[in-house]
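All chains, full assembly: derive it from the sequences and hints.
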Amino acid sequence: MMGGQVNSFSQAFHHTPLAQPMSQLKIRLYQLLKHIQSLNQIKQIHAQIILQSLGGTNNLIGALIQSYSAHKKLKSARNVFNKYPTLPPTFLWNLLIQAYTKTPFTEQSLHLFKQMLLVGGCHSLAVPDDYTFTFAITACSRQRTVFSYGQNCHTMVVKLGYDSDVCVGNALVSMYVVYSEMVYARKVFDEMPQRDIITWTSMLKGCVTSGKILEAEQVFVEMPERNEVSWAVMIAGYVGHKMYNDALRCFNDMLDDDNVRPNEAILVCVLLACAHLGQINQGEWIHFYIEKNRFPKSSNVSTALIDMYAKCGKIDYAKQVFNGAGNRDLLTWTSMISGLSMHGLGKEALKVFDEMLEQGIKPDNITLVGVLNACSHSGQVNEGLSIFNSMEREWGISPKIEHFGCLVDLLSRAGRLEDAFKAVKMMQMEPDDVIWRALLSACRIHGNVGLAERVIEHVKKTGGGGRLLLSNLHASFGQWDNVRRIRESKIHKEDDSTPGCSYIEIEGVVHEFLAADKLHPQIREITRKLNEVMKRISLDGDDMRTV
DNA sequence: TTAGGGTTAG
1025 MMGGQVNSFS QAFHHTPLAQ PMSQLKIRLY QLLKHIQSLN QIKQIHAQII LQSLGGTNNL
1085 IGALIQSYSA HKKLKSARNV FNKYPTLPPT FLWNLLIQAY TKTPFTEQSL HLFKQMLLVG
1145 GCHSLAVPDD YTFTFAITAC SRQRTVFSYG QNCHTMVVKL GYDSDVCVGN ALVSMYVVYS
1205 EMVYARKVFD EMPQRDIITW TSMLKGCVTS GKILEAEQVF VEMPERNEVS WAVMIAGYVG
1265 HKMYNDALRC FNDMLDDDNV RPNEAILVCV LLACAHLGQI NQGEWIHFYI EKNRFPKSSN
1325 VSTALIDMYA KCGKIDYAKQ VFNGAGNRDL LTWTSMISGL SMHGLGKEAL KVFDEMLEQG
1385 IKPDNITLVG VLNACSHSGQ VNEGLSIFNS MEREWGISPK IEHFGCLVDL LSRAGRLEDA
1445 FKAVKMMQME PDDVIWRALL SACRIHGNVG LAERVIEHVK KTGGGGRLLL SNLHASFGQW
1505 DNVRRIRESK IHKEDDSTPG CSYIEIEGVV HEFLAADKLH PQIREITRKL NEVMKRISLD
1565 GDDMRTV
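In this text, residue positions in the first sequence follow the working numbering: the first is 1025, and each later residue adds one.
By construction, these hints were calculated from the structure, which means they are not laboratory data.
There's no promise every hint is true.
What the hints assert, rightly or not - Under the rule of at most 25 Å between Cα atoms (straight-line distance), these lysine-lysine pairs were calculated in the BS3-like manner:
id: 1; residue 1: Lys1371; residue 2: Lys1316
id: 2; residue 1: Lys1107; residue 2: Lys1050
id: 3; residue 1: Lys1183; residue 2: Lys1138
id: 4; residue 1: Lys1096; residue 2: Lys1138
id: 5; residue 1: Lys1386; residue 2: Lys1375
id: 6; residue 1: Lys1449; residue 2: Lys1424
id: 7; residue 1: Lys1375; residue 2: Lys1338
id: 8; residue 1: Lys1371; residue 2: Lys1386
id: 9; residue 1: Lys1067; residue 2: Lys1138
id: 10; residue 1: Lys1266; residue 2: Lys1338
id: 11; residue 1: Lys1485; residue 2: Lys1424
id: 12; residue 1: Lys1446; residue 2: Lys1484
id: 13; residue 1: Lys1424; residue 2: Lys1386
id: 14; residue 1: Lys1097; residue 2: Lys1058
What follows is the structure, encoded as structure tokens:
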């Protein structure tokens, strides 16, 4: 196939009689540049342009800059630009400024833009236009550290009258959103003479990222039209705010809209919502939808399916998806390892981890959390310690607080409580309450009262955490009198955290419970049943408590 | 003869 393309390219190229009129040659080369794909072909045409002295042909040079940019060959594109025989016209400046916005070197966009402002002041050939400002403002958004320069661009835009241009306005709204300057974003939005779906979607994104979900909902309702990107922003916004039921409701609303079909981003987001809610029905429906519509099984979709099945308790389905996944990336492997680990299948998780390493895939810190948990859950203490101790050397990942959490859990579960306490005291960072609670729970399970008291004393002495933490520590050790005493001393005034929340799905209906919930319509029956269960599972008389 | 908006793992 490739050979055929090259042949037809060479034929087209070599059969172009060089004696033909220059204008025809230019058109031919231009058309070739617009259709070819390989870098070698671009270089051949570049050579022809030099040989035929066509370096000053505006559209041909533009196409060449675009071709090199599409191949991320910015040095070559810049070189072509620099060799332009006269001062390059605005069009060519624009192409190069735009090209840099799509690379990690966005500062080059602004560098060129500033240069253009200098020369453009003297030469009418290179005066910035609406495109230039759109690209320069986009560069300011990408760079994220040049807000004041973005504002300067805004001032210039207003002075030159480009603020009525919809693309310039969109770039401005988007820039203010990136810098979390919603007052400015809203002002530009309100003053735009024309808005399109991109303006509305940028504004929607701004409301979502600034945490104003009600405002986002209002923008979403007011939008004159919606496409898959706008739906994706709204659904992802709900997911980002842990409003999983709203995400699913929104997704179902989208399915009712005949003008739009879910895309990969939406499916991944909705699967995440299902995973958090334990909504296996909806999750399976999405899996079916993906199969039925022959949706491309990207690694992203496989990862989300594996994660969803694992979190909804269907580890066998997760394995099936994993085994059938054609292209697995680090995320796919990680979700399988973490899923197996959370199901207590530590040995299997470690086997998958070994396979991953054999394939030459390097773990990241999240993978290692899954792997260390797997060791912990399968009692492979030495294996876990060895991985923990070698993670920096082997993969260049320095242990973070979550890895220490795994280490404490690993040692604690194995009954090596003193070692676990030592590990906590050795930590470079402040231990969080998850770590203290893991240690205290282990003390409780192993009946080590002495160490538990030392740990609580240590926490009090080092001033780590407030009353809430201490109360939780006593709770993990089952010291309910202490918990009550602390809780009664105005703890609710200090505690502004959101209440713990859990979900369960019964016959397709998701039930949501908040900590100390009294609002569920069947709370009395539920409490009665829960007390009955607690009595039946309790072996220790001290543990017989009611909720 | 060049624009501007989106998602993902413990």
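Now for the hints, and whether the structure bears them out:
no.	hint	in the structure
1	Lys1371 to Lys1316	violated, 34 Å
2	Lys1107 to Lys1050	holds, 18 Å
3	Lys1183 to Lys1138	holds, 17 Å
4	Lys1096 to Lys1138	holds, 22 Å
5	Lys1386 to Lys1375	holds, 15 Å
6	Lys1449 to Lys1424	holds, 14 Å
7	Lys1375 to Lys1338	holds, 19 Å
8	Lys1371 to Lys1386	holds, 20 Å
9	Lys1067 to Lys1138	violated, 30 Å
10	Lys1266 to Lys1338	holds, 22 Å
11	Lys1485 to Lys1424	holds, 24 Å
12	Lys1446 to Lys1484	holds, 17 Å
13	Lys1424 to Lys1386	holds, 17 Å
14	Lys1097 to Lys1058	holds, 16 Å
The structure is inconsistent with the numbered hints 1, 9, although it conforms to all the rest.
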